[in-house]
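Starting from two chains that each stand alone, build the complex the way the hints lay out.
From first to last, the protein sequence lines stand for chains A and B. Residue 28 in the numbering used here sits at position 28 of the first sequence, with consecutive numbering throughout. Residue 16 in the numbering used here sits at position 16 of the second sequence, with consecutive numbering throughout.
If you only want the chain A side, here are some residues facing chain B, beta carbon under 10 angstroms, derived:
#, residue
1, 133
2, 158
3, 160
4, 164
5, 165
Source of the hints: derived by calculation from the structure; they are not laboratory data. Note that beta-carbon positions come from the ideal geometry of N, C-alpha and C, so glycine has one too.
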Amino acid sequence: MLSFANPARFMRLSAALLPWCAWAAGLFLAAGVVLALFVAPPDYQQGEAVRIMYVHVPAAWMASFVYALMAGASAVGLISRHPLADIAARAAAPLGAGFTLVCLVSGSLWGKPMWGTWWVWDARLTSVLVLFFLYLGYIALVNAFDEPTRGARAGAILAIVGVINLPIIKFSVDWWNTLHQPASVFRLGGPTIAASMLWPLLVMAVGFMLLFAALLLVRMRTALIAARARALQIVANEAGTRAPPRAARAMGPAQ
Amino acid sequence: MSALRRLVLRDLRLALRQGGDAATVAAFFVLTVILFPLGVGPEPALLQRIAPGVLWVTALLASLLSLERLFLADYEDGSLEALALMPMPLEAQVAAKCFAHWLVTGLPLTLLAPLLALLLHLDAAAYPALVAGMALGTPTLSLIGAIGAALTLGARRGGVLLSLLVLPLYVPVLIFGVAACEAAAQGFAARPHLLLLAALLVLAAPLAPFAAAAGLRLALE
Numbered sequence: 001m002l003s004f005a006n007p008a009r010f011m012r013l014s015a016a017l018l019p020w021c022a023w024a025a026g027l028f029l030a031a032g033v034v035l036a037l038f039v040a041p042p043d044y045q046q047g048e049a050v051r052i053m054y055v056h057v058p059a060a061w062m063a064s065f066v067y068a069l070m071a072g073a074s075a076v077g078l079i080s081r082h083p084l085a086d087i088a089a090r091a092a093a094p095l096g097a098g099f100t101l102v103c104l105v106s107g108s109l110w111g112k113p114m115w116g117t118w119w120v121w122d123a124r125l126t127s128v129l130v131l132f133f134l135y136l137g138y139i140a141l142v143n144a145f146d147e148p149t150r151g152a153r154a155g156a157i158l159a160i161v162g163v164i165n166l167p168i169i170k171f172s173v174d175w176w177n178t179l180h181q182p183a184s185v186f187r188l189g190g191p192t193i194a195a196s197m198l199w200p201l202l203v204m205a206v207g208f209m210l211l212f213a214a215l216l217l218v219r220m221r222t223a224l225i226a227a228r229a230r231a232l233q234i235v236a237n238e239a240g241t242r243a244p245p246r247a248a249r250a251m252g253p254a255q
Numbered sequence: 001m002s003a004l005r006r007l008v009l010r011d012l013r014l015a016l017r018q019g020g021d022a023a024t025v026a027a028f029f030v031l032t033v034i035l036f037p038l039g040v041g042p043e044p045a046l047l048q049r050i051a052p053g054v055l056w057v058t059a060l061l062a063s064l065l066s067l068e069r070l071f072l073a074d075y076e077d078g079s080l081e082a083l084a085l086m087p088m089p090l091e092a093q094v095a096a097k098c099f100a101h102w103l104v105t106g107l108p109l110t111l112l113a114p115l116l117a118l119l120l121h122l123d124a125a126a127y128p129a130l131v132a133g134m135a136l137g138t139p140t141l142s143l144i145g146a147i148g149a150a151l152t153l154g155a156r157r158g159g160v161l162l163s164l165l166v167l168p169l170y171v172p173v174l175i176f177g178v179a180a181c182e183a184a185a186q187g188f189a190a191r192p193h194l195l196l197l198a199a200l201l202v203l204a205a206p207l208a209p210f211a212a213a214a215g216l217r218l219a220l221e
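In isolation and in its complexed conformation, chain B is listed as follows (with noise of 0.2 angstroms):
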């Protein structure tokens, strides 16, 4: 336990030092989200229609703009083969990894998303269901991502082919998490939408690191 608390305290002062991706990945979730209202008209009435949808596309696409820094600094020093030598079990350790990466880049997400709701005009009613399936739904996207950061490791313009592996698995996160605001905006329960975005991280919590594990032992190969 203490080794893998080590691992993420490990990453997340990488992060502080390199000190880019939280800030990046924020900026990007901002400045993609004021983009909506400047395109498409400042309009209350069609902003709060697109709101959920919009702030769960952009977190989307800003915790894929990080997914790719996820192995790739310890693949190209080396320190990812001193890893996968450690008697700790790599699939352990890349969850490890995953949960640093959340807290790096998914909780300011979810932190952020209901201020820029307030952008949007969300529904007053939608705000609870928006943070709940943003804290929901941001772990799965790491663990997810880190699948597809994993496969693509070394491979030739690897971050957008990440991104055409990844969005395809994204998508149940999106419709459910989009599901669950609207829901909540129309006076609807959004317990049953959360219910499943929870059971998406149940399942990819265990199974994602898997996975993973897998493309990094292919990659030291």
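In isolation and in its complexed conformation, chain A is listed as follows (with noise of 0.2 angstroms):
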């Protein structure tokens, strides 16, 4: 594992599995948004309506998963001060923010015609939106400070402590009476979903996931890079000054 940690080496590795990833999750989510719009039923009480869960569904999953990934990119961070873990949890959080938002969103148009409401105050998507303020606030944390190490290290520490609100989201809708409905899917005594229904949202489920792990990549790609675009104005710079002995120490390698 430690020769992954080598950010050369991410890059060449990353730029043969990014195209892959890419083209993957394009036909992942074309093939779910086939299946979703036209091959899944209807359901029998919600009628069309329905077809939001192929995205509303996918959006609430990845959005823990994904801070899940970033608090154990952040414990990995943490203990053994990998420094792709505190790329890779910082990279994560805005992606994660973006799936929890259009969980939110796509969330509330579905309870406005299935409810009567656009929201409600029920334990479920209460601690999706303390999940959404969470992201926020690590994003801010992580931005706060000059130097860019300690803010990841701030920001670790908040989304391990944060962690607890995962388990509490899952389950939210067995603890307290809520209007969300309960697991359908992630339960024990295996899913109760239909199998009409649940192919097309398994589909949709790896479609989002290899988004997500596209999208992460060319981030995390991103900031090697401009970590590495840094270190050279920095070697420009002295260069410009003239001290040729502290350009060359410069040249190390990119945080």
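Here it is in structure tokens:
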């Protein structure tokens, strides 16, 4: 695993992996949209409006998954000081916030025709809203320091503290009386959702996951390139002040 | 043990000398609670309905006020580094500082809350639940707030950032605190909600000092 720590190696691997991820994401999302809109059956109660589920549920799964990933990367960054861990956590945060926002907005659009309201303060919706603000707080914290490593480590601690929200989100529909329905897929006793709906849902979920992977790789590569550009800028500045020894030291590995 | 006691006494003495914190927090609490009847109108039934929520939310905001200075004074004059070098674990010192912070801010809030509840026509049955809930909830607020205070030490616009970080983590305390009051007001048992508040305190008391100490070590690097 330590061999992946080298940023140059990561750049080579991600350059090879990225096109496959991106094309696979496009394929799965296209297939998922076709399945969701045309192949999957309408719900006996909700009719065609149930098709919002094929966006809302995968987005919700990604929202929690990305936070767990962010917290895991943060823990790795704190414990082993792996240089890519902090970059991965920082890159994942806006993506997770985006998925959470999609989940909240699509849920709201679904709730208006189904529940008769744009919003309700039940345990599931409230805890996902708290997750959204945890993402925003993390992004604000990592950007609040002039020194990037300080920001990354502070954010890492915050991300780990916020992990307590994930089981609350998952079990909120069991612990409280919620308007939001209980789990139909990830539950003891297997999924209760019909197979004709489950498969398009899983295809969309895989598509979302691949989309996240592709975007994460792009963001991580961008962060590494930006760090390299900063280092080169330092070199250029120092060469301008005619201090070759310092310039040589500044040519060190990208942050 | 006596070292921790001396740390608590030191913080109390400093707070007393500066004089500002306890009085400011209490004054903010009183003033913001008074704003609500002026804003929503004096109708007793309406005020009674919103009283638990208003009291808890303003207590939350009042305790946020004093959090930024929890570690800042020690950080700026270098005594935080000295404390970190002491043989006592930094986590224990953080716990001691949180306790002192609670004595200076949370305890006055808990004592003032029933008096302000009179102004909001809170149902008589809810007073014990209010005081018990605040007594259990305000230490948790100090502990969770210490995490935010440690992480934002030396950050740009630390005060506002602290609020953004800490308020989502305060939400469970708020929900159960208000639920305890409302349950008591409607004649139900407040005990389950108070037990959940106690559970949050029991969870925060050992864990929050670790996160806050990690944040302090980060700030001292």
